[in-house]
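Asker: Each chain is listed here by its residues.
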Amino acid sequence: MNKLIKNIFFSGTSVALLVALVTTLSSCHKEVSSSNQIGTSYTISYSQIFEDFWNNMNKTYVFWSVDSTNWDRMHTIYAPKFAALDYDSTISNDSISYLAAVYFYRMTKGLTDSHYTLSLNYSGYTIDPALDRKWNNPQFIANLFSDTQLYPDYTTNNYYTLAVDTQPKYLSLANRVIGIDSGLSSILPYKQYLKPSEFYAVSGYITNTNILYFTFSGFSLLSILSDADSASFQAQAAILNFLNQLNNPNLSGVIIDVRGNGGGETADLNFLVGRLISNQIKVGYTRSKNGNGRLDYTPWADAIVSPWAAGTAQKYGLPPVTPFTKPIVVLADGLSASMSELTTMSLKTLPTTIFVGDTTWGANGPLTQNQDYNTGSFNFGNYQNAIETGTPYYYGQVYTSSCMFKYINGKIYEGRGFPPDYDVKVTPSQLFLANNKVDDPQLDKAISLLPH
Amino acid sequence: MVISKKLFRYLGLMSLILASYGSKAQLYIGLEAGGNQNYLITNISNLVSAEYVPINGFNIAIPIQYKVNDWFALEAAPGLIQKNYQMQRTGFYAGVYQLTKNNYFQVPLTAQFSFGGNKLKGYLDLGGYVAYWASSHIKGAFANALNDQPFGSNYPYYAVTVFDYSTPYRYDEKYQFNSTTDNRLELGLTAGLGISYQACSKCKVFTEFKYYDGLTDLQKKYQQGGVPKYNETGSLSVGFLYSPSFHCKHKKVIRIIHNNIN
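First to last, the protein sequences are chains P and L. Heads up: the first sequence at position 284 corresponds to 284 in the numbering used here, and the numbers run straight through without jumps. Heads up: the second sequence at position 252 corresponds to 252 in the numbering used here, and the numbers run straight through without jumps.
Some hints here could point you the wrong way.
List of simulated lysine-lysine pairs, DSS-like, C-alpha gap at most 30 Å [unchecked claim]: (1) Lys-411(P) / Lys-220(L); (2) Lys-425(P) / Lys-326(P); (3) Lys-282(P) / Lys-174(L); (4) Lys-109(P) / Lys-220(L); (5) Lys-406(P) / Lys-101(L); (6) Lys-406(P) / Lys-174(L); (7) Lys-81(P) / Lys-101(L); (8) Lys-109(P) / Lys-425(P); (9) Lys-221(L) / Lys-406(P).
Just so you know, these hints were derived from the structure itself, not from any lab.
Could you build the full structure based on these sequences and the hints that come with them?
Answerer: Given below as structure tokens:
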């Protein structure tokens, strides 16, 4: 009996100690009030922000099958670091915000998705791993970034366009249409800095040739065309001129210039490429996810570009459609991203297309809102809800692809970029000569490949 | 895995103990078939407008029963069982789905406890099972990210479902197993209730309901933070059992064989 009582006593004591220990430990983890948290009135810790971010990435990021980042290892390394931010009373809030941003930067710097942007709304930091990789690539900088005149401020001027319309060497003054929207007040010699909301298009014939040239700053062609606002009329004229000239029987070829074009709406794929084809073309495959597992993927779906529906030209008052069989040269470079790459790759499936320029940016996974596929962009770290409206405020926001894209040749170019047939490197010093003269070796090469 | 080791140890020990009561033992073999409904148990509460629903399947097995005495028997029933489920989206995304049909080779090992009269008996099955995920077929549809309707197509003014503005990609294909993610060995517990009727001296027919509770994740542990998935299956079967001539007492059988040889 004594032994039994003794056993019960020891068992009871052990259980009590265990319960006390577990309670103490769990209460430590759940403690959220700290002077160094993101705000004393908020009920979220850096640990929770980290876990929310890590788990969302774990479940909704679509490139895990090809990404070299060891996401488990990121948890092992950074979970304790973020936890430490909750309890470190020796540094200021600003320093903690900065440290958190550094941790997020280190976790994400190797991610394949080149659309990926991590905006830390609370602290104001923005992390763009693909852009960072470009900055660290000496060749890329030499070609595109070294000249601050060419690319002065990425954050406010997202695109540049080579304004060839001002150069008689390239565009016949009598045969060009320049389209700008109301956001642009003037055209600079041969280079144009654009904000995302601004649109710029040029169409016309290369001097002394029958080669039709078309460039535009972003893929919003259909939106611009359907815009009833007079501010878009000039831009509409440039697009309509291009469509009109496609029916010119004397046309010898087309140059579509998407250099510096950061992409836009996928609807333009069937609009622009669809005008140049007579039958559907399979250009690759897309897949998304259908579960929470990192590798819970849907099957690969055929990526199809379709020609215009019958009667479309009449229906929308557009120039009539005649089958297009002339050679095409696509000009693209390291700043051609997203829809620019999908357009380049789609046109490259045609036997009549040549790609001249430089390897593209490498961001070709389609994007849409998270709930469409339960993948892609998400908010994390809900630290406060507005009292009156209930609007949630998040510590950060991730902008990332909803699907992977695999090209028709079976290769995935995400994070690597699509390589040209003719690799023509251009540095700003080669491009911009004295007295506002320009020499564009990429455009020269494109012209040389087409019959005049 | 610890659970499965314990399960095997328990079943082995139970078999040995019960086999020692073999003086009145009788061996039956038969066939059973039926239908089932499988539930995929997981957590997708974070996914918008998404749910898993149970899907019907069939099962067929060859039960081999070792009747120890009037109230107790051991049974193994190797067979084929389907464990199907469907992931589907709701609301605006209705029409997006994936039907997964899985075929398993399964061997349940159960102890059967009988009660009731001489001919009509009720019984309770308790035991475990091991199953091998032999093949899988997937059929479904989702919005194709890059296959818009041709420019100039007529779209409805208001999109009521996702397929009003996105072209569905439909597929119906054999699932290719992924050795990184798919755990093809399933272990679990089973329990059942049934009624048997002794139709003749050597045969009996039965109908039973069995519940299979998978204890192993359908996915390998290839990632941290993974959400486990388990099968839970309820089956309703009918079948018969037949006792071949080598029934009865071992010693007698051995004596007959011995006499014939001599």
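Asker: Look at each hint and say if it fits the structure.
Answerer: How the hints compare with the structure:
1. Lys-411(P) / Lys-220(L): holds, 27 Å
2. Lys-425(P) / Lys-326(P): Since the Cα atoms of Lys-425(P) and Lys-326(P) sit roughly 26 Å apart, the hinted pair holds (cutoff 30 Å).
3. Lys-282(P) / Lys-174(L): With a Cα-Cα distance of about 23 Å, the restraint between Lys-282(P) and Lys-174(L) holds, given a limit of 30 Å.
4. Lys-109(P) / Lys-220(L): Distance of about 28 Å is within 30 Å: holds.
5. Lys-406(P) / Lys-101(L): Answer holds: Lys-406(P) to Lys-101(L) is near 27 Å, not above 30 Å.
6. Lys-406(P) / Lys-174(L): holds, 21 Å
7. Lys-81(P) / Lys-101(L): violated, 44 Å
8. Lys-109(P) / Lys-425(P): Cα-Cα ~26 Å, so holds.
9. Lys-221(L) / Lys-406(P): Given that 30 Å is the threshold and the Cα spacing comes to 27 Å, the pair holds.
Violated hint: 7 only; the structure is consistent with all others.
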